[in-house]
Amino acid sequence: MSYKDEYKRSIETPEAFWAEKAEAVKWFKKPETILSKDENDIYRWFADGEMNTAYLALDYHVETGRGDQDALIYDSPVTNTKQRYTYSELRDEVAKFAGVLKAQGVEKGDRVVIYMPMIAEAVIAMLGVARLGAIHSVVFGGFAPHELAVRIDDAEPKVVVTSSCGIEIAKVIAYKPLLDEAIEKSAHKPDSCIVFQRPEVTATLIEGRDLDWTEAMATAEPADCTPVKATDPLYILYTSGTTGKPKGVVRDNGGHAVALKYSMKAIYNMEPGDVFWAASDVGWVVGHSYIVYGPLLAGCTTVVYEGKPIKTPDAGAFWRVCEEYGAKALFAAPTAFRAIKKEDPDSELLKSYDLSKLETIFMAGERLDPPTYHWTKDTLGKPVIDHWWQTETGWAICGNLTGVEMLEPKPGSSTVPVSGFDIRVLDHEGNELPNGEQGNIAIKLPMPPSCLPTVWGDFERFRTSYLSEFPGYYCSGDGGYKDDDGYVFIMGRTDDVINVAGHRLSTGEMEEIVADHPAVAECAVIGINDPLKGQQPVGLVLLKNGVEIDDAQIESELVAMVRKEIGAVACFRRAIVVQRLPKTRSGKILRKLLRQIADGKEYSIPSTIDDPASLPEIQEIMGRNGLVS
Numbered sequence: 001m002s003y004k005d006e007y008k009r010s011i012e013t014p015e016a017f018w019a020e021k022a023e024a025v026k027w028f029k030k031p032e033t034i035l036s037k038d039e040n041d042i043y044r045w046f047a048d049g050e051m052n053t054a055y056l057a058l059d060y061h062v063e064t065g066r067g068d069q070d071a072l073i074y075d076s077p078v079t080n081t082k083q084r085y086t087y088s089e090l091r092d093e094v095a096k097f098a099g100v101l102k103a104q105g106v107e108k109g110d111r112v113v114i115y116m117p118m119i120a121e122a123v124i125a126m127l128g129v130a131r132l133g134a135i136h137s138v139v140f141g142g143f144a145p146h147e148l149a150v151r152i153d154d155a156e157p158k159v160v161v162t163s164s165c166g167i168e169i170a171k172v173i174a175y176k177p178l179l180d181e182a183i184e185k186s187a188h189k190p191d192s193c194i195v196f197q198r199p200e201v202t203a204t205l206i207e208g209r210d211l212d213w214t215e216a217m218a219t220a221e222p223a224d225c226t227p228v229k230a231t232d233p234l235y236i237l238y239t240s241g242t243t244g245k246p247k248g249v250v251r252d253n254g255g256h257a258v259a260l261k262y263s264m265k266a267i268y269n270m271e272p273g274d275v276f277w278a279a280s281d282v283g284w285v286v287g288h289s290y291i292v293y294g295p296l297l298a299g300c301t302t303v304v305y306e307g308k309p310i311k312t313p314d315a316g317a318f319w320r321v322c323e324e325y326g327a328k329a330l331f332a333a334p335t336a337f338r339a340i341k342k343e344d345p346d347s348e349l350l351k352s353y354d355l356s357k358l359e360t361i362f363m364a365g366e367r368l369d370p371p372t373y374h375w376t377k378d379t380l381g382k383p384v385i386d387h388w389w390q391t392e393t394g395w396a397i398c399g400n401l402t403g404v405e406m407l408e409p410k411p412g413s414s415t416v417p418v419s420g421f422d423i424r425v426l427d428h429e430g431n432e433l434p435n436g437e438q439g440n441i442a443i444k445l446p447m448p449p450s451c452l453p454t455v456w457g458d459f460e461r462f463r464t465s466y467l468s469e470f471p472g473y474y475c476s477g478d479g480g481y482k483d484d485d486g487y488v489f490i491m492g493r494t495d496d497v498i499n500v501a502g503h504r505l506s507t508g509e510m511e512e513i514v515a516d517h518p519a520v521a522e523c524a525v526i527g528i529n530d531p532l533k534g535q536q537p538v539g540l541v542l543l544k545n546g547v548e549i550d551d552a553q554i555e556s557e558l559v560a561m562v563r564k565e566i567g568a569v570a571c572f573r574r575a576i577v578v579q580r581l582p583k584t585r586s587g588k589i590l591r592k593l594l595r596q597i598a599d600g601k602e603y604s605i606p607s608t609i610d611d612p613a614s615l616p617e618i619q620e621i622m623g624r625n626g627l628v629s
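Using UniProt numbering, you'd call the opening residue of the sequence shown number 1 and step up by one each time.
No wet-lab data here; the hints were simulated from the structure.
Heads up, a few of these hints could be off.
[As the list claims (entries may be wrong)] Simulated pairs of lysine-lysine, BS3-like, Cα-Cα distance not exceeding 30 Å:
| no. | residue 1 | residue 2 |
| --- | --- | --- |
| 1 | K158 | K245 |
| 2 | K21 | K4 |
| 3 | K308 | K342 |
| 4 | K410 | K265 |
| 5 | K544 | K592 |
| 6 | K189 | K229 |
| 7 | K377 | K311 |
| 8 | K96 | K30 |
| 9 | K4 | K357 |
The task is simple: from the sequences and hints, build the whole structure.
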């Protein structure tokens with residue numbers, strides 16, 4: 001079937017389309033009601049179906065003959081540790097951990113916060129919670145106590161699961177003191193904490209509250225799978241909100257399982273037994289969907305990697321993992337490939353590895369700029385697929401359905417809408433714009449399975465955040481356009497569009513041009529206040545290692561490039577060389593924060609920041625160059 005046929009069916013007959021896809025899932029009770037509305041007038045999928053996500057991810061495969069196949073490979077260059085779990089072994093570990101939780105009083109609907117690094121036990125904990133029909137909320141390991149406390153107060157967990165430490169590049173971070181401080185700060189107090197002790201740090205346990213993971217597992221009674229309704233929550237995952245208070249995105253069980261199982265074949269072209277590697281973290285939505293649930297629902301082998309694309313030990317780390325485990329697909333953020341390109345621009349390290357089993361590279365998490373697309377494609381000689389999605393959806397909104405029909409990629413585009421996502425480009429009044437015109441990316445309701453039905457404990461916030469701006473649509477908060485072939489170009493958050501002397505200009509478009517300079521490893525273009533023109537674009541550029549070029553020369557060349565490609569209307573006249581850019585742990589450049597610095601506004605350091613020391617450094621550089629109001 002062609003992509004057009006597949007997509008058309010999903011939009012014109014969504015109930016029949018998703019009823020067919022739901023047949024691939026082993027239900028305890030098959031749904032008869034495919035699409036309905038709940039008490040809040042929100043569309044819900046498979047409302048009368050009953051199932052268990054952990055059963056589908058593990059027990060089902062053991063029962064159907066995959067028990068001896070690798071389910072999970074743990075690879076930790078920071079500890080020099082490797083471990084494999086077959087489906088039978090992983091099911092048994094998960095059943096035992098579910099028994100540990102059950103002994104602590106965890107039941108269907110209870111919340112469990114998981115605050116762990118990228119280790120196999122984090123996956124076991126998530127699946128153990130799901131096995132009981134409880135709701136997990138994974139908080140990125142190493143988050144500051146205040147941010148963890150906010151999430152504990154919002155989710156009100158019965159139990160918190162943690163590790164004694166996490167390990168960054170040449171740095172050990174003790175987690176338990178951070179957790180203890182968070183619990184002290186929080187109004188809600190969990191009944192107990194389960195601590196996995198790692199050899200690098202031994203945590204001090206509080207008597208009467210804390211349990212040792214290994215000791216508890218040694219005496220645990222395995223727990224069976226608890227049936228849940230398709231619309232019961234599987235997890236809460238917090239994403240940043242404009243108010244500063246994180247939003248707890250709720251993911252249901254049934255729609256999530258159907259959508260992810262479908263996506264593993266349709267988008268990623270994975271078959272049972274294939275090795276899939278998402279180089280992300282379980283603290284992010286990519287980790288939830290494509291380290292844990294997606295690959296296991298599809299009967300694939302997933303890789304849990306505790307390391308970085310560089311410096312663990314070098315910029316050949318990704319290639320080593322792909323070769324060693326025979327990964328068929330690699331999924332990572334563009335920032336990972338930019339880091340590799342910066343460290344090893346001529347790809348000398350790649351020559352040591354055989355990537356013949358690697359078929360496709362997928363990127364998401366931020367906009368894939370054309371220079372990074374071309375470098376990766378040319379370096380690896382493999383298809384590079386950009387796709388766009390959000391924490392709120394749990395899977396791709398736009399992509400290239402390589403398992404249905406591989407379309408010709410267009411650099412700068414995340415290709416076409418994925419099945420079920422009816423994408424429209426709207427102006428600020430909600431009118432649909434013609435092809436080629438930039439506007440607000442919105443999705444006509446109903447959204448397909450897996451998309452959030454609410455924000456945890458705050459439906460009104462869900463409604464005002466996503467549904468009120470354009471009635472009948474989900475507002476993505478991203479801007480972009482469609483071309484005449486139906487390809488979607490995401491140009492960044494709508495607040496990344498700047499107004500220069502009445503002209504609306506995309507900073508993403510300027511970043512593409514700046515990043516194309518052979519000396520530039522990475523860049524950010526932001527709009528700063530200008531008394532005459534309203535806003536003026538400024539480029540902040542990071543140079544490749546070993547490049548020697550005068551700051552004035554690089555600025556002059558970049559200004560000329562932008563002028564040539566966009567024109568004098570862009571008013572791009574400043575490009576400042578910096579040593580590093582403030583980023584989140586997932587690699588997103590904190591552009592809003594850079595704008596706040598430039599505008600002289602007060603700002604708060606976000607909990608997701610990877611390197612807080614980068615802020616005073618860049619503030620000083622921007623001030624020295626007259627870029628701070």
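Hint-by-hint comparison with the structure:
About 22 Å separates the Cα atoms of K158 and K245, which keeps this hinted pair within 30 Å; it holds. Simply put, K21 and K4 have alpha-carbon atoms about 17 Å apart, close enough for the 30 Å limit, and the pair holds. A distance of roughly 14 Å separates the Cα atoms of K308 and K342; the hinted pair therefore holds under the 30 Å criterion. For the given pair, K410 sits about 22 Å from K265 by alpha-carbon distance, which is consistent with the 30 Å threshold.
Between K544 and K592 the alpha-carbon distance is near 24 Å, which keeps this suggested pair within the 30 Å criterion. Pair hint K189 plus K229 holds up; C-alpha atoms about 28 Å apart against a cutoff of 30 Å. With a C-alpha separation of about 23 Å, the suggested pair K377 and K311 falls inside the 30 Å cut-off, and the hint holds. Proximity of K96 to K30 is assessed by CA-CA distance (about 28 Å); at most 30 Å being required, the pair is judged to hold.
With a C-alpha separation of about 29 Å, the suggested pairing of K4 with K357 holds against the 30 Å cut-off.
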